[in-house]
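K.L.:
Go ahead and model the full structure; you've got the sequences and the hints to work with.
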Amino acid sequence: MNVEQRIGGDSPLSPAGITYTEVLAQYIVNENIKDLIVWTSARQQAICTAAKINAPAESLKALNGINPGMFE
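For reference, each letter of the sequence shown is one residue, going 1 to 72 in this note's numbering.
None of these hints come from the bench; they were simulated from the model. Note that the Cβ used here is the ideal one computed from N, Cα and C, for glycine as well. Careful, some of the hints might be misleading.
[Stated by the list, open to error] For each label pair, taking beta carbons as the anchor points, the in silico distance ranges come out as: (1) 11 to 34: 29 to 37 Å; (2) 17 to 60: 16 to 24 Å; (3) 32 to 9: 29 to 37 Å; (4) 35 to 59: 16 to 24 Å.
P.N.:
Listed below in structure tokens is the structure:
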């Protein structure tokens with residue numbers, strides 16, 4: 001569930017999510033992974049997270065996960 005207590009959707013990152021992406025990006029930089037390519041879902045949270053990482057990124061709708069249908 002997201003901060004609005006909804007399942008799924010395409011919500012932007014929360015303030016905590018933004019902080020997490022910054023910490024995650026720094027961790028990945030410190031790992032010094034050669035030829036890193038980031039694969040993400042097409043959801044804006046995933047795309048924004050990948051954008052913080054200094055590596056080529058590819059977004060694929062197939063990685064979006066579940067479709068909650070009418071419960072979204």
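K.L.:
Need the list of violated hint numbers for this structure, in ascending order.
P.N.:
none
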